[in-house]
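There are 2 protein chains.
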Amino acid sequence: MAERDPKQITPKSEDFDRWYTDVVRRAELADYTPIGGCMVVRPYGWALWENTRDALDAMIKRTGHENMQFPLFIPESYLMKEAEHVEGFAPEVAWVTHGGDKELEERLAIRPTSETIICSLYAKWIHSWRDLPVLINQWANVVRWEKRTRLFLRTTEFWWQEGHTFHETSEEAAREVDTMLGCYRELAEDWLCLAVVPGRKTDSEKFAGADYTLSIEAMMSDGLALQAGTSHHLAQNFTRAYDITYTDRGNTLQNPHQTSWGLSTRMIGGVIMAHGDDQGLILPPRVAPVQVVIVPISRSNDPDSARLVDDAVDKLERESQGTGIRLRVDRREGIRPGEKYAHWELRGVPLRVVVGAKDLADGMVTVVRRVDGEQQRLPLDTLAVQLPRLLDEAHHALRARALKMLDDFSREVGSLDELKQAFAGGPVWANAPFCNTAECETAVKASVHAVTVRNLRADRSAGGAPCLACGQPAEHVALIARAY
Amino acid sequence: MAERDPKQITPKSEDFDRWYTDVVRRAELADYTPIGGCMVVRPYGWALWENTRDALDAMIKRTGHENMQFPLFIPESYLMKEAEHVEGFAPEVAWVTHGGDKELEERLAIRPTSETIICSLYAKWIHSWRDLPVLINQWANVVRWEKRTRLFLRTTEFWWQEGHTFHETSEEAAREVDTMLGCYRELAEDWLCLAVVPGRKTDSEKFAGADYTLSIEAMMSDGLALQAGTSHHLAQNFTRAYDITYTDRGNTLQNPHQTSWGLSTRMIGGVIMAHGDDQGLILPPRVAPVQVVIVPISRSNDPDSARLVDDAVDKLERESQGTGIRLRVDRREGIRPGEKYAHWELRGVPLRVVVGAKDLADGMVTVVRRVDGEQQRLPLDTLAVQLPRLLDEAHHALRARALKMLDDFSREVGSLDELKQAFAGGPVWANAPFCNTAECETAVKASVHAVTVRNLRADRSAGGAPCLACGQPAEHVALIARAY
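Residue numbers (our numbering), protein chains in the order written: chain A, 21 to 504; chain B, 21 to 504.
Source of the hints: derived by calculation from the structure; they are not laboratory data.
Worth double-checking, as some hints may not be accurate.
As the list makes no split between identical chains, a pair holds if one copy fits it or if it spans any two.
Result set (DSS-like, lysine-lysine): computed pairs, CA atoms no more than 25 Å apart in a straight line [unchecked claim]:
#, residue 1, residue 2
1, Lys27, Lys335
2, Lys424, Lys335
3, Lys335, Lys81
4, Lys360, Lys144
5, Lys27, Lys144
6, Lys122, Lys335
7, Lys122, Lys167
8, Lys122, Lys144
9, Lys81, Lys424
10, Lys32, Lys226
11, Lys465, Lys101
12, Lys360, Lys167
13, Lys101, Lys335
14, Lys360, Lys27
15, Lys167, Lys226
16, Lys32, Lys335
17, Lys424, Lys360
18, Lys81, Lys101
Since this is a predicted model, take the numbers as computed values, not measurements.
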């Protein structure tokens with residue numbers, strides 16, 4: 021068998037994992053480093069994250085939260101105060117033991133998440149009900165020592181936002197948990213064109229130390245699920261352990277109710293796996309670092325036609341300035357048009373505008389949409405003002421494709437046998453009535469290799485139908501799938 | 021002597037250092053944490069940094085750079101390759117020795133700066149002159165183990181941007197070093213209203229591993245200097261040590277020429293120390309988290325006047341929506357106007373708009389400017405459209421005040437004796453002809469307690485006047501001052 025061109029990416033159907041890594045590296049989103057499990061995020065990948073971050077940051081601020089910044093280090097004794105939390109995180113913590121030449125008196129954990137340091141600090145800042153609610157967020161790097169890593173999906177260091185709030189009542193905290201999951205869903209759907217299912221995690225899958233955890237699970241194009249954002253009701257579990265108290269409206273000392281919620285660079289992995297194809301990335305137009313690429317096609321042996329093309333490109337570039345559209349012209353010399361097309365297809369640019377002398381003779385240019393290859397000849401004169409509409413249409417086409425994929429992969433099952441049958445032909449998303457006991461969850465996991473209950477869907481109810489495992493009347497519809 | 025009200029801040033004249041810490045903590049910009057030398061940056065302080073960051077980020081992108089993100093960890097062996105660099109940074113590095121339960125085979129430094137990891141990675145990405153220039157930047161947290169710390173000015177963890185570039189020629193790298201120092205100067209002057217002096221560091225003060233370092237030195241209101249941004253020409257020092265090579269236009273293997281440049285949260289400390297007064301912060305209008313605060317004054321026993329005031333405040337709030345002005349209304353109940361004034365003065369809000377029934381009877385409101393207390397009665401009807409102009413005037417008033425301060429503290433000296441005399445009455449900024457030898461630098465430092473040559477001014481030349489120390493003809497004008 022002939023060696024594959026090293027510039028080619030592995031076909032998705034041949035090996036999804038290699039396809040993924042090829043796309044991430046060839047599109048120059050990110051790369052591995054010699055530092056165990058840590059990645060370097062390259063300019064194209066970081067710009068994608070910055071656009072995603074800015075969209076979410078606006079929602080976080082719109083819902084009344086303020087950004088701040090907590091220390092990277094957490095003293096070992098702080099981490100150890102909440103029992104479940106310690107158990108969940110201690111095995112994957114990186115430890116600082118020396119500062120300069122000196123051994124530290126107490127080891128410092130590099131934050132795997134910041135609840136413990138935040139609680140320690142807020143214990144001295146919260147006194148009265150007038151200090152509540154506290155609504156804060158931080159954008160930060162966190163470290164979890166991972167044995168098996170994949171770019172964006174699971175790396176030792178990753179980047180995220182972590183929101184942390186304190187409230188007078190459990191009900192208010194519950195509303196906060198819902199609100200922020202709503203923001204994650206809005207980001208996933210309206211910005212990233214993903215198909216997601218919101219719901220509640222089972223007890224075995226919730227955040228270490230939480231009362232309960234909500235998640236959105238995003239549909240990947242191989243039929244697996246990606247947990248793409250989680251929002252936790254921490255009740256008084258941490259505020260009791262860290263002795264945060266306030267005087268309530270009735271002058272009684274209380275522990276506030278707490279939430280936390282996070283979304284990370286993992287989401288970039290989700291965007292790649294949900295939308296990409298054998299040519300490479302397909303980026304959601306609203307976050308794409310380059311939304312429109314212009315490829316001029318001119319023959320150097322015809323100076324008149326070359327001038328015509330140059331003028332048209334200059335006009336488009338000029339007219340789209342100040343519109344906020346992220347447009348780039350590929351003026352590289354010595355590279356054939358087909359190579360340029362492949363270059364920008366690999367990078368998932370939503371729209372390609374081909375400006376050639378033949379089209380221009382009719383006053384036209386050709387616009388090609390990345391998501392489905394749809395071509396249109398459009399008048400040069402009005403193209404710049406049409407770009408926002410064309411991008412919007414590309415957005416909706418990508419979102420519709422994601423929803424169709426969710427539909428195609430979804431199955432309704434009523435028993436463990438039906439669950440097994442549903443997975444017989446490959447990964448699917450199975451929906452099933454579920455009683456939410458630990459025994460039935462174990463039975464589900466035992467019946468099909470590597471599946472888990474992703475969440476109990478927030479958008480559906482089983483209405484008393486028999487649980488797929490035990491047959492008792494069930495309230496929940498469980499989403500059962502394999503996951504990253 | 022009576023105890024001072026703990027809410028009061030120490031007068032500047034009494035104890036500048038305590039004044040500084042009081043302001044930072046009482047204005048809720050930041051606070052110490054129990055983690056040695058690490059600070060927590062609170063929402064008001066982080067918003068100030070975000071605005072500063074966004075202004076600089078736009079300049080960094082405007083000058084052709086792209087953001088990316090490198091790992092937090094640097095293997096010990098990477099750090100050790102450039103001799104001067106190791107010597108400069110090794111004593112203040114925090115070391116990770118354990119991941120989870122396991123001891124690491126090689127210790128990992130938490131980045132004190134990223135040249136070494138960046139060189140290690142770019143060694144495999146740079147091949148040809150076509151790959152140059154590389155123009156990148158990262159916004160990140162870095163850690164330097166500090167023994168004596170002060171909020172914002174010197175903390176174990178701090179936040180910054182670090183730019184890193186690779187070029188074909190030394191001249192191109194030199195232009196880059198100049199360009200980025202120019203951006204820092206623009207940020208300092210046009211956004212932060214600081215008075216700064218650009219120049220070149222002496223060899224004893226340059227970055228560990230650099231050929232030379234440029235800096236801007238900012239004037240603090242106690243007469244000290246703050247190094248507020250540095251830009252380094254690294255020549256081929258690192259690219260040789262890390263074996264980065266490229267094939268040049270003549271098909272010869274070369275090491276690229278490199279630069280790096282950084283500006284950190286330290287700048288926030290500079291803004292506080294340059295502008296603040298005994299009432300607290302005075303924030304530069306273009307980065308102030310709250311630019312305008314409206315204080316309604318209504319007597320609850322007169323419902324008609326209360327309604328009049330409420331309507332006027334609503335009108336202002338409505339009319340300034342969408343203008344991009346960061347405006348807040350202080351509607352807190354049970355708090356006297358004087359307390360509200362003090363609250364926002366402490367927080368340095370550039371403009372206070374007082375809306376009271378008496379003024380409103382004439383269709384007027386009162387606007388008070390934080391920088392100099394200047395009061396104006398202005399018509400309510402046109403106030404919203406006047407706010408950008410009023411903020412701009414406040415900006416220029418603050419900048420003029422900073423320039424006057426620079427003028428007031430500046431001295432021209434021609435000899436070490438004159439230098440001593442200049443400092444006899446307290447810290448000043450002395451300008452002196454200087455030959456730039458290590459011997460004369462030592463003589464300068466020995467002649468007045470704690471002074472250093474801050475930089476060799478880029479904006480002046482000594483034109484052969486005798487060096488203040490040795491009397492030989494000198495080219496440079498040295499800026500000599502005490503510094504943070």
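Okay, the hints, checked on the actual structure:
Neither within a single protomer nor between protomers do lysine 27 and lysine 335 lie at most 25 Å apart by alpha-carbon distance, with minima of 34 Å and 61 Å respectively. Proximity of lysine 424 and lysine 335 under a CA criterion of 25 Å is satisfied in neither setting, with 38 Å inside one chain copy and 48 Å between copies. For the identical chains of this complex, lysine 335 and lysine 81 are inter-copy neighbours only, at 23 Å across copies versus 38 Å inside a copy, given an alpha-carbon limit of 25 Å. Taking the closest pair of Cα atoms, lysine 360 and lysine 144 come within 25 Å of each other only across two copies (24 Å); inside a single copy the shortest separation is 59 Å, beyond that limit.
In this assembly of identical chains, the alpha carbons of lysine 27 and lysine 144 lie at most 25 Å apart only when taken from different copies (16 Å versus 57 Å within one copy). Taking the shortest alpha-carbon separations for lysine 122 and lysine 335, neither the intra-copy value of 63 Å nor the inter-copy value of 61 Å comes in at or below 25 Å. Taking identical chains as interchangeable, the C-alpha atoms of lysine 122 and lysine 167 lie at most 25 Å apart only when they sit on different chains, with a minimum of 11 Å there against 29 Å within one chain. For the homomeric pair lysine 122 and lysine 144, neither the shortest alpha-carbon distance inside one copy (30 Å) nor that between copies (35 Å) is at most 25 Å.
Taking CA atoms no more than 25 Å apart as the test, lysine 81 paired with lysine 424 passes in neither setting, with 32 Å inside one copy and 38 Å between copies. Taking the shortest alpha-carbon separations for lysine 32 and lysine 226, neither the intra-copy value of 32 Å nor the inter-copy value of 52 Å comes in at or below 25 Å. Taking the closest pair of Cα atoms, lysine 465 and lysine 101 never come within 25 Å of each other, the shortest separation being 32 Å inside a single copy and 51 Å across copies. Taking CA atoms no more than 25 Å apart as the test, lysine 360 paired with lysine 167 passes in neither setting, with 38 Å inside one copy and 54 Å between copies.
Proximity of lysine 101 and lysine 335 under a CA criterion of 25 Å is satisfied in neither setting, with 63 Å inside one chain copy and 50 Å between copies. Only within a single protomer do lysine 360 and lysine 27 lie at most 25 Å apart by alpha-carbon distance; the minimum there is 14 Å, versus 64 Å between protomers. In this assembly of identical chains, the alpha carbons of lysine 167 and lysine 226 lie at most 25 Å apart only when taken from the same copy (21 Å versus 41 Å across copies). In this assembly of identical chains, the alpha carbons of lysine 32 and lysine 335 never lie at most 25 Å apart, being 39 Å within a copy and 58 Å across copies at closest.
In the homo-oligomer, the alpha carbons of lysine 424 and lysine 360 never lie at most 25 Å apart, since the shortest distance is 30 Å inside one protomer and 56 Å across protomers. In this assembly of identical chains, the alpha carbons of lysine 81 and lysine 101 never lie at most 25 Å apart, being 31 Å within a copy and 44 Å across copies at closest.
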